[in-house]
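Residue strings, one per chain:
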Amino acid sequence: MSQELKVIVFALADEEYGVEVEKVRTIERMQPLTRVPKTPGFVKGVINLRGVVTPVIDLRGRFGFPETQYTDNSRIIIVGVEDLEVGMIVDSANDVIDVDPELIDDPPEIVGGIKAKYLQGIAKVGEHRLLILLNLKEVLSKNEIVQLDNIEE
Amino acid sequence: MEMNQYLSMFIDESRDHLQAMNEHLLSLEASPEDISIVQHIFRSAHTLKGMSATMGFEDLASLTHEMENVLDLVRNNKLKMDSFIFDCIFKSLDSLESMVEDVIQGGTGKADVTDIVVALKSIVSGDYKKGGAAEVPAAAKSPEAAGAQGAKGSELDEFQFSILNQSIETGMPAYRMEVSVRQDCVLKAARAYMVFNVLEENGEVIKSTPSVEDIEQERFENSFTVYYVSQLDKELLHKQVAGVSEIDKVDLVSLDKDKLAEFMKPAEPEAVQALAAAAPVPAAEEAPKAAAPAAETKKPAGGGAPVANRTIRVDIERLDMLMNLFSELLIDRVRLEQLASEIHKNELTETVEHMARVSTDLQNIVLKLRMVPVDTVFNRFPRMIRDVAKTLDKKVDLIITGAETELDRTVVDEIGDPLVHLLRNAVDHGIEPYAERVSLGKPETGTIHLRAYHSGNHVFIEIEDDGRGINREKVLSKAIQNGVVTQEQSARLSDEEVYQLLFAPGFSTADKISDISGRGVGLDVVKTKIESLGGHVHVDAKLGKGSKWSVQLPLTLSIISAMLIRIQGEKYAIPLTSIVETMAIRREQLRSVHGNPMVEYRTSVIPLIPLADLFDVPGGSDLTEDEIQMVVIRKGEKLAALAVNEFIGQQEIVLKSLGKYLTNLFAVSGATILGDGQVALIIDTNALFK
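Chains L and Y, in that order, are what the protein sequence lines are. If you use full-length UniProt numbering, the first sequence corresponds to residues 1 to 153, in order. If you use full-length UniProt numbering, the second sequence corresponds to residues 1 to 690, in order.
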């Protein structure tokens, strides 16, 4: 019997994603962003997170999905990986679930156009739910800020 | 008792006391007649002793104790300071420092200090200058008195006797009190402590046997004796002392002159002499101890804290938290202000306005909390220079200016070691031996200036000596020898570049390695350290005239003055240091050179940088309005103008890093959080110049 994995579930472009709960510092509502000039389009700017200036990226933009208007459900998930602390704008975030690691499959080569290296795996939850677990280290990698393949194509 | 929680407090306070003692000792060296300085040193030593004993650092306590003995004789005019005593006490302070250092490293603060203890004891006994008979009588009194005590004759030394005598003469009642604690008492020391508390509230304890320290550590049987001066009458006093629980018996004797003389009378003079002769040192130890409680009573409760320095210590992380929480509060303040303006209720508006004013003041205070004067680093230098100069047999004056200049705490903590190195260098390599100075027609005493000052958002610390300067040729030949530069390269180097060679790893121009420098800790370490703090070192020197080392440090994490500006809907901050002036021109005054907008400024034409275009600010260019607001900025000799929409005003802002995710940003050096909780970017104007 392996240890259950606690995961924060969020929605992005009609799919469900998950990040391990330990990597999530807080989840914030949308708030005023200060634009930072001459940065990639998905870098939405910086926010004042309790006195710490924190960069915020749009996860749709990061994955090359079409960006949409932010709604009341939009959330900024502040994640920390090593010494990076970054906010990710997602469509909504409202669930914490336990995932049985045995039910996590390796990511397929192509999932909706997103390169597999950004994914840690696909988790089956319950009967019909599929959860895409993010490989945050790659998502937040600053070495590569190329636009990814668009899901619509 | 669990002591760990007090350890950091102990360390901090010990350092303070050691620093204070060092400083006072230096000023005492300058004016050896001033007994009040000795009092300061004594008090620090006494507190340190108490603290160390409480914390269980016995070696620390006992060395301080020996030092205290010497100081006690001095402050009671029984001993005159001379260079031997000064050196001895300075050495003791050094040992104490290294013991405290050991404690910091997690050790037990143990050290072999036998030599110093012997030296201190010989001072107390007067043995250290057997030839100088003139001084002996003063010092010799203590063994006499203490020896007498050993023989159960007199319990008082002459000093205590005279105090008691005086108070009796002035009509102040004096008592001798023997207090016995109940046999079955568990906390003897605590009861005794309570007795002392009662006593100290109402008068002054002149002497106690055993000493207060011994009593505090339960080193007494069931009773102790106290000589006491107090306004209280005998009955009341008896009642108060006997009122302490678990006190068995209080024998209280009012002292008059006769009785006092009786206690004072040495019982067997011969025995005393024998004792004193046989064991002059341990006996001598006893006498000055007695005065310690008297000194203690003079201090009000909680007497450990140094009086001059009214500060408390705060964890720097807590300060950061405070600052962050405070900016949260400011966001709410802005919301409240908005609500109040919508609701139009007078009382609400007034309250919110008041809150706004208070929070502005609060903000200023919070921002300044992190800043500490460089004084905290500088104050250890006079002592160091004294020692180095003495070791090298040179005469050096250290002149400190700008010690009140404030720097961020984190920088202050780090800058000490590099400065020590540079100062040692200045004394060792810079200042010539005085014979040489005289032959060069320079004053015998060399001067080292240590200056600190603010300039823009940098702090400069300069170390300037009037010594021999730097020999360019010597540095070069050494550099070539070490393979740092080639012969060809060397010819092309400017003076400044040559001096920078000194910072190369493993570089030393000293012909022979002295005790002071050249021990492998080179200037390269200094440079690395300063650069790790985001600073620079510059060297300027004139052969035969002296050299100047200038350390430039940024005010990282700290506060700078900036001009807040608006470009369309966005706010930015421009550091005031790079601004020449602000002005407005009409659109028709714009010139164009090769399609680039230019403006006339004074007698020259300078480029106008449209920030809105440069930063792709939504809302478009700002050169469309009839009147264009400009900020004239400077980088060295070059000038340029930035077109903005509005000047919001000048403000003190806190520099914040943008974190590790956003790096290599264009023309942005950081961010700050405005009063309304919004983030504003700080423009790096230097990047705007090509």
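Don't read these hints as lab results, they were simulated from the structure. Built from N, CA and C at the ideal position, the CB exists for glycine as well. Be aware that one or more of the hints could be misleading.
[To be verified] Label-pair ranges, simulated between beta-carbon atoms:
id, chain 1, residue 1, chain 2, residue 2, range
1, L, N94, Y, T360, 37 to 43 Å
2, Y, V605, L, G80, 47 to 53 Å
3, L, K38, Y, S592, 54 to 60 Å
4, Y, S550, L, Q31, 41 to 47 Å
[Said to hold, decoys possible] Sample of chain Y residues with no beta-carbon within 12 Å of chain L, all distances over it, derived:
id, residue
5, L187
6, E488
7, T582
8, E652
9, Y661
When the hints from earlier in the document are held up against this structure, which numbers fail? Going through the list in order, the structure violates hints 3 and 9 and respects the others.
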